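Visitor: Chain by chain, the residues:
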Amino acid sequence: MSRRILVVEDDADTRDFLAKGLREAGYAVEASASGREGLHHALDGGFDAMVLDRMLPDLDGLSLLKSARTAGITAPAILLTAMSAIDERIRGLRSGADDYMVKPFSFEELAARLEIVLRRPAAPQAEETRLICADLELDLISRAASRGDRQIALLPREFKMLEYLMRRKGRIVTRTMLLEGLWDYRFDPKTNVIDVHISRLRRKIDAEGEPALIRTVRGSGYTLTDQP
Amino acid sequence: MSIWRSAAARLILAQFLMVAASTALVLGFVYWRVGGVIDTEQRAVVEAEIRGLADDYSRAGIIGLARAIDSRLARPQARDAVYLLSGERGRRIAGNLAGWPPTIAPDSGWVTLKLIRTDRDVPTEISALAVRLPGGEQLLVGRDVAARAAFDRALWRALIWGLLAMTLLSFVTGWISVRMMRRRVSTIDEAANAIMAGELTRRIPAQGGGDEFDRLAATLNAMLERIETLVRDLRTVTDSLAHDLRSPLGRLVRHLHTAQAPDLAPEEWQARLTKAEAEAETVLSTATALLEISRIEAGIGADQFETVDLAALVQDMADLYGAVAEERGLRLSVEGQAAGAATVISGHPQLLAQAASNLIENALRYAPENSEVTLSVGSEGESGAALCISDQGPGIPEADRERAVERFVRLDPSRGAPGSGLGLALVAAVARMHGAQLSLTDNAPGLRAQLSFPTGGAG
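Listed in order, the protein sequences are those of chains H and D.
With our numbering applied, the first sequence corresponds to residues 1 to 228, in that order.
With our numbering applied, the second sequence corresponds to residues 1 to 459, in that order.
Don't read these hints as lab results, they were simulated from the structure.
Mixed in with the good hints there might be a few duds.
Computed spacing ranges between beta-carbons, pair by pair [stated by the list, open to error]:
| # | chain 1 | residue 1 | chain 2 | residue 2 | range |
| --- | --- | --- | --- | --- | --- |
| 1 | D | 331 | H | 164 | 22 to 30 angstroms |
| 2 | H | 199 | D | 267 | 47 to 55 angstroms |
| 3 | D | 264 | H | 107 | 18 to 26 angstroms |
| 4 | H | 16 | D | 189 | 39 to 47 angstroms |
| 5 | H | 203 | D | 268 | 45 to 53 angstroms |
Keep in mind the model is a prediction, meaning the values are calculated, not measured.
Idealized CB from N, CA, C, for every residue including glycine.
When you get a sec, could you build the whole thing from the sequences and use the hints?
Guide: Okay, here's the thing in structure tokens:
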């Protein structure tokens, strides 16, 4: 059964765009134009995730989310805000959001982040010490990386980047997510900083003749996968 | 406009009432005191006269006294004086009264009564003192009260005239000062109206005396200067924005238009849409950057200041941009800061990082191949913390440095370098938010951009 997503967004164009995109991506979507109606739906339960607009005419996204969380709704939520990320983020995360996105955003970015929050374990798992993808192994204790018999020497930053990708194996990771996850920066660099870092890491991970594990997803970002 | 709505009229009225009240008070006091003094004086004179006449009596007897009275009455200054010397039963011996008034008993103090003087036809009011002489005769000395009344009237007249004169004077001075004030106010009024009508360069003339109005004019002119600058900036921004949006939007429309051509190969169609998307992204990033600058200038986020270590920030930046620099054949190095240099400030970590990133991206963009971009923290000879990014690129000519931080200023459009022309403007806005100074100096060769933070953390 496909996963159910609640979308609350007052702008009709954005709402339809999101609903259509998410349905095409295989989700079941309930779209709502008002905060009160959205809260009503949210309290009915049964949603796997919520995408909430921050600014709504009647009940804004933050209050909606707070009410839902108070009522015991734990489904992950992504807040959409037209305001600058810089000052909204803290407030958003404090009110129980799992992620936030600044408008305008690309649908690919939203889809990638939605995948991440959907797969986020409800309770933290026992601390892993080894991450594995095909023949690539990352030992988090000895901080060593190897592919097959080949030892890979990684700089600290490269190690963190690979760890970030491996922990999200098979899922799309966007450039914004990498910049935020590894450097804690939330601005949009004009240069291709992340691409350069990824290509360096890729040169070390995917040697000549080996199947490529780090793949570029056009228009979205990157993914580390052992699927052909 | 009702006359009472005029501040000037109210001022005149208030001034008039004040002057009238204070004049009346002063003159009333004078009247009261002078009247009292005159009464006392007159009584003292009468009492002295009685003593004098009593002396004459004891020295020269009743005849001497009668003579003395006659001689006194003959004096011209005795016009208001009343004397009567009578026998024991009230029969007149000397003086200007016909006979002893029956209502007066000797030695009973001051009395005031109406009597007929022998030298007048009408009864006059007199104030008098009567004594019995040792020989049984009675002596009365008094003063015509009419004289006192005349003095009173004169005093009253003086009071009224004084009051009138003061009132008139207060009206005149009030009118003059109000006229002067109105004239000064109306010059300000005129200037303001001219400015509202679009004459933005008009200023309020000062008279040069340095008075309150001149100071007001100076303040207003400073305000107008600031407003004019802001309006001009706003116009520049609006014009530049329109211009900057026109080009990518025009290309966007063109790409979309050509994408609609019939019989287009799918790859070609895809390529044109991709180009169109890129143009739309350009417009979007310009709008986003402008919005960000506006928000920073509005002080949004200033409540999220925390402790930021510039040394750590520089390390992170070097870590983030080092790879890009190498790809471009540049060296990005971090210069060790001077021992004891301040590196910790209070600031907005994200905005500071963004500002630093803008400066680094600029440096990487303009630096020639095989050159060095240096990041450093702390500054020589200054106590505050500073963040410094220097390159060996072409630099910015001194004349353009001030202009470089304005919005939409691209110093060398012929270079065709990418960028919205908002990068340095954002850095400048972040600097202002932190109370920091952004200075662009010559790195000989290249540009040295420095953010100098005030000591003790930014406010």
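Visitor: What are the numbers of the hints that this structure violates, sorted from low to high?
Guide: 2, 4, 5
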